[in-house]
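Protein sequences, first through last, are from chains A and B.
FYI, numbering that gives the first Met the number 0 numbers position 36 of the first sequence as 35, with every residue one higher than the one before it.
FYI, numbering that gives the first Met the number 0 numbers position 149 of the second sequence as 148, with every residue one higher than the one before it.
Honestly, the hints are just simulated from the structure, not real lab data.
Virtual Cβ for every residue (Gly too), placed ideally from N, Cα, C.
One thing to keep in mind: the hints can contain errors.
[As the list claims (entries may be wrong)] Label-pair restraints from in silico Cβ distances:
#1 Gly83/A / Lys71/B: 34 to 42 angstroms
#2 Ser120/A / Glu43/B: 19 to 27 angstroms
#3 Glu104/B / Lys56/A: 50 to 58 angstroms
The lines below spell out each chain.
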Amino acid sequence: MLKSTNANEAAAKITALVVDDSRINQSIHRKLLNNLGIENQVAGNGKEAVDVHCSGKQFDLILMDMDMPIMNGIEATRTLRAMGIRSTIAGVSSHSHRGEDVQEFVEAGLDDYQEKPLTSSKLVSILQKVNNN
Amino acid sequence: MEVGQMQRQWVDYTKSLFLEGLLDGQFLQLQQLQDESNPDFVVEVVSLFFDDSEKLLNDITRALEQPSVDFKKIGAHVHQFKGSSSSVGAQRVKNGCIAFRNFCEEQNIDGCVRCLQQLKQEYYLVKNKLKTLFAMEQQIVAAGGSIPMLEISF
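Whenever a hint applies, use it, and build me the whole structure from the sequences.
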């Protein structure tokens with residue numbers, strides 16, 4: 000269904016990093032990206048995400064979970080922004096939009112926030128922000 | 000049994016899982032994501048969910064047995080369980096987690112113990128049903144058939 004949309008054509012050259020400690024969400028998020036033809040890789044927590052960038056890699060889109068061991072999504076987002084990373088970062092967590100934690104997450108430097116579970120339509124709406132960037 | 004009959008049974012069984020509220024639209028999303036490039040996608044994700052759930056249920060059980068109960072820790076486990084159950088569309092497990100979290104916030108041990116029992120029941124119920132569903136799918140494929148596309152809207 001999504002395969003013929005404009006979002007998919009534009010997505011063809013997009014690269015993404017999935018940052019999530021849950022293997023369930025890693026699988027689902029990667030599958031959602033793969034189905035839109037978006038090249039992607041995984042980081043298991045915020046620190047891994049920062050390390051990947053320290054090694055020189057960059058992505059158009061980062062799907063960032065909030066609660067993770069070692070380094071959470073708020074700290075990782077803040078660190079990446081302090082490093083000058085300008086990728087579109089979308090927070091994706093099971094916390095409600097209205098929560099205080101989510102407010103802190105957004106202020107850390109998110110371009111978008113979506114409540115889990117992530118779906119094809121939520122991903123397409125995130126991708127519109129990538130294309131605007 | 001011929002393939003057509005197996006497929007009809009599969010459709011009826013799947014629909015019953017939605018009608019009983021065991022699964023919600025997110026499970027349908029996962030089914031729709033599955034394609035020829037990854038025909039075992041749903042089974043793989045759900046297997047990860049089973050592994051995760053059993054570990055979390057053990058952790059919560061152990062945490063509730065401690066002489067001084069750490070409600071914050073239990074709340075974090077339950078929140079994680081809510082996230083994973085909503086990711087696979089295990090609706091009644093997810094709802095059980097929401098109720099459980101309220102008792103954690105109230106620091107109500109009896110309420111937490113009751114919720115844990117309820118959560119275990121809901122989890123093992125949906126696990127058994129999903130295993131039955133996957134076994135039916137294997138039989139259909141073994142007989143040379145394909146898994147029908149479901150048309151349900153939420």
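Results for each hint:
{"no.": "1", "hint": "Gly83/A / Lys71/B: 34 to 42 angstroms", "result": "holds, 36 angstroms"}
{"no.": "2", "hint": "Ser120/A / Glu43/B: 19 to 27 angstroms", "result": "holds, 23 angstroms"}
{"no.": "3", "hint": "Glu104/B / Lys56/A: 50 to 58 angstroms", "result": "violated, 41 angstroms"}
Against the hints set out earlier in the document, a violation occurs for number 3 only.
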